[in-house]
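*Asks:* Now for the letters of each chain:
Protein chains: 2
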Amino acid sequence: MTTIDATHDPTLESWVASANAADTDFPLQNLPFGRFRRADDSDWCIGVAVGDQVLDLRQAGLVDGADMNRLMRLAAEPRKALRHAISEGLREGSAMRSRFEPALVAQSEVEMGVPCDVRDYTDFYVGIHHATAVGKLFRPDNPLLPNYKHVPIGYHGRASTINASGHDFRRPAGQLMPPGATQPELKACERLDYELELGIFIGRPNPQGVPIPMEQAEEHVFGIALFNDWSARDIQSWEYQPLGPFLSKNFASTVSPWIVTTEALAPFRRAFERPAGDPQPLPYLDSEANRAQGAIDIGLEAWLQTPAMRAAGHAGDCIARSNYAQVAYWTMAQLVAHHTVNGCSLGAGDLLGSGTLSGPGPGQCGSLLEATQGGKQALTLSNGEQRTFLQDGDAIILKGYCSRDGLRRIGFGECRATVLPYSS
Amino acid sequence: MTTIDATHDPTLESWVASANAADTDFPLQNLPFGRFRRADDSDWCIGVAVGDQVLDLRQAGLVDGADMNRLMRLAAEPRKALRHAISEGLREGSAMRSRFEPALVAQSEVEMGVPCDVRDYTDFYVGIHHATAVGKLFRPDNPLLPNYKHVPIGYHGRASTINASGHDFRRPAGQLMPPGATQPELKACERLDYELELGIFIGRPNPQGVPIPMEQAEEHVFGIALFNDWSARDIQSWEYQPLGPFLSKNFASTVSPWIVTTEALAPFRRAFERPAGDPQPLPYLDSEANRAQGAIDIGLEAWLQTPAMRAAGHAGDCIARSNYAQVAYWTMAQLVAHHTVNGCSLGAGDLLGSGTLSGPGPGQCGSLLEATQGGKQALTLSNGEQRTFLQDGDAIILKGYCSRDGLRRIGFGECRATVLPYSS
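Chain order of the listed sequences is A and B.
At the far end of the first sequence sits residue 424, using the numbering used here, and the numbering has no gaps.
At the far end of the second sequence sits residue 1424, using the numbering used here, and the numbering has no gaps.
Bound conformation, chain A alone (with noise of 0.2 Å):
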């Protein structure tokens, strides 16, 4: 795991004044990576998000060229070097300044992108809280599958439609059969939720048949990200069996265009215990350092923004709090050493979801299916309105954020996106 150094104090102040703003998620502890491009540009660059600004890393001197994958492959040494050389040039007084101010750009003026080439992507299921509440709908006396607290369940989700933060979504259509029906038919969803969820994207690759083990794996993550893995319920319900999800989650996935890097999440990792009671994992699964810090203390939200409230110029409520720390039942590193444990290669840029992180109790439901019971309970907003799945226009926004008290608060900016109307 990575330690905590230099990069981490917390009375640190950048040159960009903007870094030292209490609330910023980007103070100089943090150095983010996205790939970013400039309204009249149309190639990706390499950027580290600063305050209110993007460091391109090309211009500033720092990486050759504009490929996010590659420089994800790097070595912890040389990765730990480059976060080293920018928090330098970065900080109030460095002699560095007069290059990199020139490689400065607002985020204002820039746009987003997927921040690498996502090749493939899993998605997980660590929340426990998530796992036994959808199945309490199914089998409301045994709600968690006897392999739960075994394997860490997962399975591939679809690259090609994973977007950027702002790129909205039609309303999928699908195969469904309704409730009572005895013929299915294709319709607009009706049951369209989210996922809060988190990103965690791969550095170093494995070769096809060499497994990594648990004390490596780590070395293996690059960062994390905010991720939505949108849901079409009545098509998740009717298409599943026996092989899973498929056209249910395949229409559109969200992630936020900052990955906050293993190195500044350092600080905020915990301990990782199960439940008294529980098993062990395997060997295979368990290594001291996980047991010791592989948890991270990520607070996460989701707010949801009806139409309604942004013609009101209001910015949404929260309708959901939790923690990854405390609700994950595997770790980062466990899901690299299960994912590779059968010889699977795992390249630069893969994504793994984390699957719902949702809490245990009321108002930290990571999905509307929890929320709302399965769309018998609706929630009832500050506004007034109601919803049980989302409806067009309705926007949700994850947020994500360590905090601890004498640091610096990190955030992971947002993911949005907006439900646009079905069309056929």
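Note that these hints are calculated values from the structure, not bench results.
There may be inaccurate statements among the hints.
[To be verified] Here are the simulated distance ranges between beta carbons:
| id | chain 1 | residue 1 | chain 2 | residue 2 | range |
| --- | --- | --- | --- | --- | --- |
| 1 | B | 1382 | A | 75 | 44 to 54 Å |
| 2 | B | 1132 | A | 279 | 30 to 40 Å |
| 3 | B | 1207 | A | 65 | 20 to 30 Å |
| 4 | B | 1004 | A | 142 | 49 to 59 Å |
| 5 | B | 1315 | A | 276 | 55 to 65 Å |
| 6 | A | 142 | B | 1135 | 16 to 26 Å |
| 7 | B | 1384 | A | 142 | 22 to 32 Å |
[Unchecked claim] One side of the interface only, derived from the structure: several residues of chain B facing chain A at Cβ under 10 Å:
| id | residue |
| --- | --- |
| 8 | 1059 |
| 9 | 1062 |
| 10 | 1180 |
| 11 | 1184 |
| 12 | 1189 |
| 13 | 1303 |
| 14 | 1305 |
| 15 | 1306 |
| 16 | 1344 |
Note that beta-carbon positions come from the ideal geometry of N, C-alpha and C, so glycine has one too.
With chain A held as given, fit chain B onto it using these hints.
*Replies:* Below, chain B without anything else, positioned relative to chain A:
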């Protein structure tokens, strides 16, 4: 659908003598596309198989560059023009011979790769006899789930571990719950299986949000190859609930090197009919052209060569014979229309596995799971050896061909790989 034209004329002969042999897979009427490299050259080139030779398309002046996916994106007219130019140049008496001849290289002297860059891979489940036989192992009285005859069932697979024919792979390990055990364990797979499939390659892409209707679906298919979806049955049975197969499939898949184009397959189209009494497909999965000629008559074989057979110079036993047209419940056009009905985007080079194409009778089972009734009844091979599942050193060789009286036989080459021992 593509039509029968001069390139299919069975009387056409080539100045490449081996293409005129009665038993070649690659007569002048076939012209499948693949990627090859010469032993002393690390760059992949685009080639077309003709007899025992490969025509280097760039060297022959027929394409610029070596980007197969770009070639696959071609619209119907330029694709057809390319086929005609290759066909005419290779014909006996062609004036192009002096230009093409230096662009020939013997197949025995080149390495064949995965035929294109596969970004997203989906595996379907169109073999109704396979779905029934596998379902029967779990639910004897109700083998087919209620959605099967309405929904072309599919799920996303792993693109990173799709291997070229001839690329051997190690037996995977995985988490298993042996029958009767109370604790899972990590072990080398003991129920390693193959699956006899076809791989359908997408040519023209569709943008996200824009479904491909049935009438246009076949224009988006470039062609077909053989595909082996290796499966670890013991890993599968423990992991697959509730989100489908994952590590039981993604350790390796094998694809044959030559994509037989839909143009070459045109003379082997057949009417596509559902058994009497079965539900008709929903309108978005139905078209007149699909009913008239949605099926393709492709004979399929799976061969098993054990190490003892190899030592004795024995090519192996044919353990399964089947026919795509006779066993597929859904056509290529239906897979494309279904996959995109929700707005999912398909890209050039994307791969759709058909699912296991078993016939209903003995000797027609495209997996050992079916042939041995879940491992209960061993197969006895021609040399007296027995198999329930695959042993180390076993090779599986898939073959395919189209034949019809009065036409040249169109072959698919072979899809081969050998199981290497597990190594921790």
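*Asks:* Against this structure, judge whether each hint is valid.
*Replies:* Each hint tested on the structure:
Remark: the range hint 44 to 54 Å for residue 1382/B to residue 75/A is upheld by a beta-carbon distance near 52 Å. Checked against the given bound of 30 to 40 Å, the beta carbons of residue 1132/B and residue 279/A, roughly 36 Å apart, stay inside it. Take residue 1207/B and residue 65/A: their Cβ atoms lie about 28 Å apart, and the range 20 to 30 Å holds. Between residue 1004/B and residue 142/A the beta carbon distance is about 58 Å. The supplied range of 49 to 59 Å therefore holds.
At about 59 Å, the beta-carbon gap between residue 1315/B and residue 276/A stays in the expected band of 55 to 65 Å. One distance hint, 16 to 26 Å for the beta-carbon pair residue 142/A and residue 1135/B, holds here, with the actual separation near 23 Å. As the Cβ distance of residue 1384/B to residue 142/A is approximately 47 Å, the hint placing it in 22 to 32 Å is violated. Below 10 Å, beta-carbon pairs count as interface contacts, and residue 1059/B has none with chain A, the closest being about 30 Å; its hint is therefore violated.
The interface hint given for residue 1062/B is broken, as the beta carbon of that residue sits about 29 Å from the closest beta carbon of chain A, more than 10 Å. For residue 1180/B, the interface hint is violated, since its Cβ never comes within 10 Å of a Cβ in chain A; the closest pair sits about 14 Å apart. Below 10 Å, beta-carbon pairs count as interface contacts, and residue 1184/B has one with chain A at about 5 Å; its hint therefore holds. Evaluation of the residue 1189/B hint against chain A yields a held restraint, the C-beta minimum of about 8 Å falling below 10 Å.
Taken as an interface hint, residue 1303/B does not check out: its beta carbon lies about 24 Å from the nearest beta carbon of chain A, beyond 10 Å. A distance limit of 10 Å between C-beta atoms decides the matter here; for residue 1305/B the minimum to chain A is near 22 Å, and the interface restraint is violated. Because the smallest distance between the Cβ of residue 1306/B and any Cβ of chain A comes to about 22 Å, over 10 Å, the interface hint for this residue is violated. With its C-beta approaching chain A no nearer than about 5 Å, residue 1344/B sits inside the 10 Å limit, and its interface hint holds.
Comparing the model with each numbered hint stated earlier shows that hints 7, 8, 9, 10, 13, 14 and 15 do not hold.
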